[in-house]
Amino acid sequence: MSKRYLLPIALILLGVFFGYFDYASEAGTRFAKFPFSLGLDLSGGTHLVYDADLSGVVDGEEKDSLYALRDVIERRVNIFGVSEPLVQVEQNISENGTKGGRLIIELPGVTNVEDTVALIGATPVLEFKIENKNFNSEEVTHNEETGESFYQGRPLLADDVYVSTGLTGRHLKSARLDFNNISSDPFVTLIFNSEGSDIFAELTRDNIGKIIAIYLDGAPITTPVVQNEITGGEAQITGKFTNEEAKLLVGRLNAGALPVPISLLSTQTIGSTLGQDATRDGVKAGLYGLILVALFFMAWYRLPGLFAVISLGFYLVFLLALFKLIPVTLTSAGIAGFILSIGLAVDANVLIFERLKEEQKMEKNTHDAINEAFIRAWASIRDANISSILTAIILFWFGTSLIKGFALTFGLGVLVSMFTAIIFTKSLMLAFIPNNKSTSSAIKFLLGSGLKK
Amino acid sequence: MNIIDNKKIYFTISGVLVVVSLFSIFMWGIQLGIDFKGGTLIEVEYGATRPDIRTIEALIAEFSLGDVRIQEAGEKGIIIRTRTLDNIEHISLLSSLKTGDETLFEKRFTSVGPILGEELKNKAITALIITTIVIVLFIAYAFRHISDSVKSWKYGIAAILALLHDVIIPTGMLSALGKFYGVEADALFITALLAILGLSINDTIVVFDRIRENLKNKISKNFIDTVNISLNQTITRSVNTSVTTLLALVSLFFFGPESTRIFSLVLIVGLVVGTYSSIFIASLLLIILQNKKNR
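Quick mapping for you: the protein sequence lines, in order, are chains A and B.
As numbered in numbering that gives the first Met the number 0, residues 0 to 452 make up the first sequence, in order.
As numbered in numbering that gives the first Met the number 0, residues 0 to 294 make up the second sequence, in order.
Excised from the complex, chain A in its bound form (with noise of 0.2 Å):
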């Protein structure tokens, strides 16, 4: 076999092999931990954008607390169950040199935004209270037909009852879900750190048969009578709690609280409907551009048009598995700028077919006429692509996330298709067309383009 066949059969074998990765990934039969990755206009979702109020951090801590910011809504955000949530911080700096964060959360497949950002946003405030020794119990007098009570002539105040002792969710290590042995309701197990153990022994130790009330955002949501000193570091919330909200309970204030304020910017919210449309869309757009592109091409440009179709088509094959690899986020946008690429992927090789034409005009014989095609056209398609690039890297840069996924499959898209036109194309060419200056009338028609014979 001649040294001219190496080249373009090995690469037909490479885009039968990503050809093969593409479809087995797609249909889970094998490389099934490369699936395209769908972002939310596709898959459905919910994308919040906050802005983290950094007036009150340090100079030179921004960082660390939009770190930490994205760490503790990491922690509230798994609460959700959600599969690959995207958490992102960043940070910009005003014209009027305004300190400011951006806090980024994408929840695929979560489309209940109310309760979405009732989680995210709230801070669970526990505090643990005592009884108030000022209060006194005949002052309060209660109005029977409302069923209103009042102390000292004003409506009475759970903070008439009870004062605070200073511990607080501070003080807390961790909490843990349990449930009773006999009944199984479900209780809340705080485990303190040691300074909250030290401070949750003393409160039970002087509070000895009067009521210690556990405070949650406010509100106190169970009062037990201590019985003796505790001294374990750990306390008991028996509140009435159904699974869930012992559950959610536990999540919140393991999540603890957050290190900077924030609050909400932007919310989008896609129904999974709507997305799957949107992919089906896509996805019939772009095999309709390819196939009129492709009939398009073979028609002008006859047997190079064919070879430049083969070459497409390892390009889309290779596209999709460089989507998959690394992996891009696939958005409207991006599919957009994907099925775009596909009308200029072959431009290169328009390039080097109507310089093609010239050479052959010259009385060269054919190998050395593509050969001199490839190499004079080389100028325009490099000038040409990197203009595009540049295109692409800008619209990253200026870039929402929305674009930046059109930015990356073009950019990719435009580099990608550069060199498959050249090389693939250039091999196959070689390899399949013979190199005498053929008179036959079937090869001068097949070389030809156009409308002409």
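Within a straight-line C-alpha distance of at most 27 Å, the following computed DSS-like cross-link-like pairs (lysine-lysine) qualify:
hint	chain 1	residue 1	chain 2	residue 2
1	A	K360	B	K215
2	A	K356	B	K215
3	A	K403	B	K120
4	A	K363	B	K217
5	A	K363	A	K2
6	A	K98	B	K36
7	B	K122	A	K62
8	A	K98	B	K120
9	B	K36	A	K403
10	B	K215	A	K363
Quick partial rundown of chain B residues pointing at chain A, CB under 7 Å, derived from the structure:
hint	residue
11	N86
12	I90
13	R107
14	T109
15	V111
16	A126
17	V205
18	T243
19	T244
20	S250
21	S258
Listed next, with one range per pair, are the computed distances between beta-carbon atoms:
hint	chain 1	residue 1	chain 2	residue 2	range
22	A	A67	B	R82	28 to 36 Å
23	B	E61	A	T140	38 to 46 Å
24	A	P433	B	N1	37 to 45 Å
25	B	F22	A	A67	50 to 58 Å
26	A	K209	B	L103	46 to 54 Å
27	A	I325	B	G181	32 to 40 Å
28	A	P154	B	T54	40 to 48 Å
29	B	A72	A	E194	52 to 60 Å
30	B	N121	A	T167	36 to 44 Å
31	B	L103	A	G208	50 to 58 Å
32	A	E25	B	A47	30 to 38 Å
Calculated from the structure, these hints are not laboratory results.
Every residue, glycine too, gets a C-beta built ideally from N, C-alpha and C.
Assemble the complex: chain A is given as a structure, and chain B must be docked to it using the hints.
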């Protein structure tokens, strides 16, 4: 084909399109989407039948949200655009949209605060300016060795003027679409404009590249002849590349997802005028710039 001699016709066509576009942009402005100005967009779908738009309008009017735009979407859906809603407003609006036993499904909810919108607007303008500057610098660099009769920066200027032409016309179209059909410019519109910049400059560079090569090979003593020969050598390529790209874009426009429809339309128009300008406008501008110096 002698392209140079017909330059008046080509300039007239372009001139009219640019003037009409500028007129539309300055008269009607551009409908900015919530990406830019902030606000909330809710798309819901009713299970069986959609209530009358008037009924929905009346329901929403009770919330006194100010300027609200309601639009039918598909057979059973509606899209509502309002100012930025908070969580509570969002929930109560949704529950009020439920009339009777009708099931209501929220397909999409997007809410952008004004800060983020302002930020994107600034970023978009910066990106357009930076892209333009980078492209001029790149062309000036790529063509730095070109013969002295036309300075390399003139290639840059000609290319930029052609680029302006390519960006103004699709923007004018969007402005008119906004005026008559309520089409809004979102972040993807800016993406489309930037992509047009990339594609159009790509075409122009190929033509200029040919001029550069033909100047080096002294194919003709006359600069105008050289340009004309170069244009004829590259026109098939310009058209064919545009055709393949158009085929892909047309397929995206007709079969692709709703969210990229306006995007693909803007790109299609940009690509057509971009190809036109690289063939008929950029090189002719180059000749005008060169003439001035030699006069």
